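> These are the residues of each chain, in order.
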Amino acid sequence: MALLQIAEPGQSPVPHQVKQAVGIDLGTTNSLVATVRGGRAAVLPDRHGAVMLPSVVNYSAPDAAVVGLEAQAMAADHPGDTLVSVKRFMGRGRNDACADAQRAHYHLAEGDQGMVRFVTSAGEISPVQASAEILHTLHERAVATMNSDIDGAVITVPAYFDEAQRQATKDAATLAGLPVLRLLNEPTAAAVAYGLDSAEEGVIAVYDLGGGTFDISILRLHRGVFEVLATGGDTALGGDDFDAAIADWVVQESGSPSLTPGQYRQLQTMVRAAKECLSTASGVAINMAEILPGSAAITLSRETFESLIQPLVKCTLRACRRCLRDAQLDAGIDNIVMVGGSTRIPLVRKAVADFFGRAPLTDIDPDQVVAIGAAIQADILVGNRPEGDLLLLDVIPLSLGLETMGGLVEKIVPRNTTIPVSRAQEFTTFKDGQTALAVHILQGERELVADSRSLARFELRGIPPMVAGAARILVTFQVDADGLLNVSAREEITGAQSSVTVKPSFGLSDDEIAGMLQASFSHAGEDKLARQLAEQRLAARQLVEGLEAALAADGDTLLDADECAALRAQKTELQTLMVSDDVDAIRKVTERLGRESEAFAARRMDKSIRQALAGVSLDALDEEVKE
Amino acid sequence: MSTPDFKQNYFQLFNLPVQFALDQAQLGVRYRQLQGELHPDRYANASDHEQRVAVQYSALVNAAYATLRKPLARALYLLELTGMGQEEVSSQPIDGGFLIEQMELREKLESMGALVDPDPVLDHLVTEISGDIKMHQDEFAAAYAADSLPSAAAACVKIQYLEKLLREAEQIESDLMDKM
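Chains A and B, in that order, are what the protein sequence lines are.
According to numbering that gives the first Met the number 0, the first sequence is numbered sequentially starting from 0.
According to numbering that gives the first Met the number 0, the second sequence is numbered sequentially starting from 0.
This is chain A alone, in the form it adopts within the complex:
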């Protein structure tokens, strides 16, 4: 009699069971969640049928944040407690964000250390916490609609987001308890949404004008491989700026009355509606009397609106031009994909069509296209699709470098380098007997440290005293597929070594995140230890399963008998340990086995390289080349 197999709770009984994956577009104005079901990607509505969640969080009550439409409704009465467009503040320092905060009438916490914090009735709130609330709401929505836990999520970020902004987004997901598979650039996600539906081949430009950010990316699609050629944009330019331009104009037209923060918020909502109206109408009345009783209504014509936003649209075209140059194309653009609500504006569509010399694609709702692309990528990463289906090769948006003598930046990894990337550069000491070296990591295109974004600092100590210029210090930058940076420094003669996973100067420290996690909604009442144990067991299981498959496939050919036996013995040890409750022991053995199996993994990849090249006959190659 065959024995029935019973899987442990939470463990999939069959390896190819469909996993639940979502794509999340964490937007400046609205956020969405999408998933692939029955081979089709679709956005998930809330229980009232709305797919867009306004990215608004209200903190009027001390311990219950309100998210979405409800929060938006509270904005006029509680302007300081209602956080809108928090994405604009992600990963930014106080000095950097002051002007934006003033315009939005937020109170920022004192002190210029670390990321900005808003002072609200619920205490000081960082943009990461507010973003986590939005993610948490979308997570709950997904669990409720799909009736299942989420195995993995892809969260999108503007391509132009710097290191600090990316890290802040990842921190928000951690805080919301979301398992993140990958951070994906928004334009790439949009291209994926279009690319898979229509099986396009060729060069695609993605013009993404959202609420708060502008991105332009040029990609090449070739047999399921998306290669990002160049990306550019402006992290502080978007529909919000159009609204502000109209609001300023309205205030000026009504004789420049002074408005309270609440009235200003009301005006903002009103001009946003007027702007949306002008996508189809030729003129719209703005009823100022609703805000200031006795005021006359003001008519905004489409011509006036267009002249107000013209300079901002021009800024976007300038970025397009630079991006085209960076992409070094030998032929033109085959398709233009439009993303973001602001691309509904006729002037924007016309300007883009004129610039690229062809009409843009607008079949997929520009508000949903990013979430849909993210859902497709999540579905692939979680393992629901056959391998080789689709691959994204993305780039870093901004150059990474180091401070050198005289306050200058030495660029190590130039912008638009394909990730992952590993790049090393040698430095030396400048004083006799110097025993330590300060490493200051910067991001940006400017020559001077003062003009660049400071990401992190660390020190390499233990350099033996030598004459100036004799030490050889190798600094290695490694950027992973999420666009996150790891830097290590090594003195070549002594082997003194030091490294950091870059926690940006404007980011949150691990301690802060741990503290927030404990205090946060998503883990209230949840046993921290139980969670750690579950996570550690999962890591161990992944390693064991991967190693078993690898040993079965290549154990005999790539390992000698001793190596094979050693790995098997450790694997058995870990399998026995996995069922225990000893978190530390499981972590230790997982770590050791992982390290010791790295050489085997490397040999398997060498083999993959040989196979990848040998697998195609030269005829097939020639054929593909000819096409």
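Calculated from the structure, these hints are not laboratory results.
The model shown is predicted, which means the values in this text are computed figures rather than measured ones.
The beta-carbon is built from N, C-alpha and C at its ideal position, and this holds for glycine as well.
Where hints are given, some of them may not hold.
Below, simulated SDA-like cross-link-like pairs (lysine to any residue); rule was C-alpha separation at most 25 Å, straight line [claimed, not checked]: (1) 163(B) x 320(A); (2) 69(B) x 424(A); (3) 163(B) x 321(A); (4) 410(A) x 86(B); (5) 18(A) x 43(B); (6) 410(A) x 88(B); (7) 313(A) x 111(B); (8) 606(A) x 15(B); (9) 163(B) x 406(A); (10) 133(B) x 331(A); (11) 163(B) x 422(A); (12) 313(A) x 173(B); (13) 410(A) x 167(B); (14) 69(B) x 223(A); (15) 410(A) x 87(B); (16) 163(B) x 446(A); (17) 163(B) x 445(A); (18) 69(B) x 422(A); (19) 410(A) x 78(B); (20) 163(B) x 414(A); (21) 163(B) x 318(A); (22) 163(B) x 415(A); (23) 69(B) x 587(A); (24) 69(B) x 570(A); (25) 18(A) x 47(B); (26) 133(B) x 26(B); (27) 587(A) x 47(B); (28) 163(B) x 570(A); (29) 163(B) x 328(A); (30) 570(A) x 41(B); (31) 606(A) x 47(B); (32) 606(A) x 16(B).
Just a few of them, taken from the derived set where beta-carbon distance is under 8 Å, the chain B residues facing chain A [what the hints assert, rightly or not]: (33) 16; (34) 34; (35) 35; (36) 36; (37) 45; (38) 48; (39) 61.
Starting from the known structure of chain A, fit chain B onto it as the hints suggest.
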């Protein structure tokens, strides 16, 4: 951290002959093939360690592709394989005629702002510089094939000069367009 123990050079990695002439289309096909096998996205469900190895391999393939794809980087890499480092390359003596031509081209570029209609002049200049770059690439290919490494290195230095000039010309072009 273990690094890829790939002892072969970039050309071998892509299964291409060690020479300056290169079939870009084949390079692209093989690049996509290798990334299709090695990219971390293919290991999204694997253990941390395996993912780390995948990041390193994928980074190696990216570095190789970036080097081979661009003619100047490829030329310098060929010299590096013969044991000639960056410093030795840049210390090659350059003939006076070339330097005078450079100065003349630069003067033309700097006077661009004073012209009423700079576009056709600029276009012409960009074509001229691009032509010169192509010429020195051919010069490199011939010298390298004939094992005349100093001449090959001198050609590289000239291309470096010209590419810098080309970037400046492009910058001026985009500045002019922004003013429109």
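> Would you mind confirming whether the straight-line C-alpha gap from residue 587(A) to residue 47(B) stays at or under 25 Å?
Holds, at roughly 14 Å.
> Would the hint linking residue 163(B) and residue 415(A) be met if the CA-CA limit is 25 Å?
This hinted pair holds, its Cα atoms lying about 18 Å apart.
> Straight-line Cα separation of residue 69(B) and residue 587(A) no greater than 25 Å?
The given pair, whose Cα atoms are some 45 Å apart, is violated under the 25 Å limit.
> Holds or violated: are the alpha carbons of residue 69(B) and residue 570(A) at most 25 Å from each other?
Since the Cα atoms of residue 69(B) and residue 570(A) sit roughly 45 Å apart, the hinted pair is violated (cutoff 25 Å).
> Is the interface hint satisfied for residue 34(B)? The criterion is a beta-carbon contact with chain A at less than 8 Å.
holds (6 Å)
> Does residue 163(B) pair with residue 414(A) here, judged by a C-alpha cut-off of 25 Å?
Holds. Residue 163(B) to residue 414(A) sits at ~17 Å (cutoff 25 Å).
> If you draw a straight line from the CA of residue 163(B) to the CA of residue 321(A), is it 25 Å or shorter?
holds (17 Å)
> For the hint on residue 48(B), just tell me whether its beta-carbon gets within less than 8 Å of chain A.
Holds. Min distance 4 Å.
> Does residue 606(A) pair with residue 15(B) here, judged by a C-alpha cut-off of 25 Å?
holds (18 Å)
> With the threshold set at 25 Å, check whether the alpha-carbon distance from residue 570(A) to residue 41(B) stays at or below it.
Holds, because 23 Å separates the two Cα atoms, which is no more than 25 Å.
> Taking 25 Å as the top limit, are the C-alpha atoms of residue 606(A) and residue 47(B) close enough?
Holds, at roughly 20 Å.
> Keeping to a limit of 25 Å between CA atoms, is the pair of residue 69(B) and residue 422(A) held or broken?
At roughly 17 Å apart (the allowed maximum being 25 Å), residue 422(A) and residue 69(B) satisfy the hint.
Taken one by one, the earlier hints fail for this structure at numbers 23, 24, 28 and 33, listed in ascending order.
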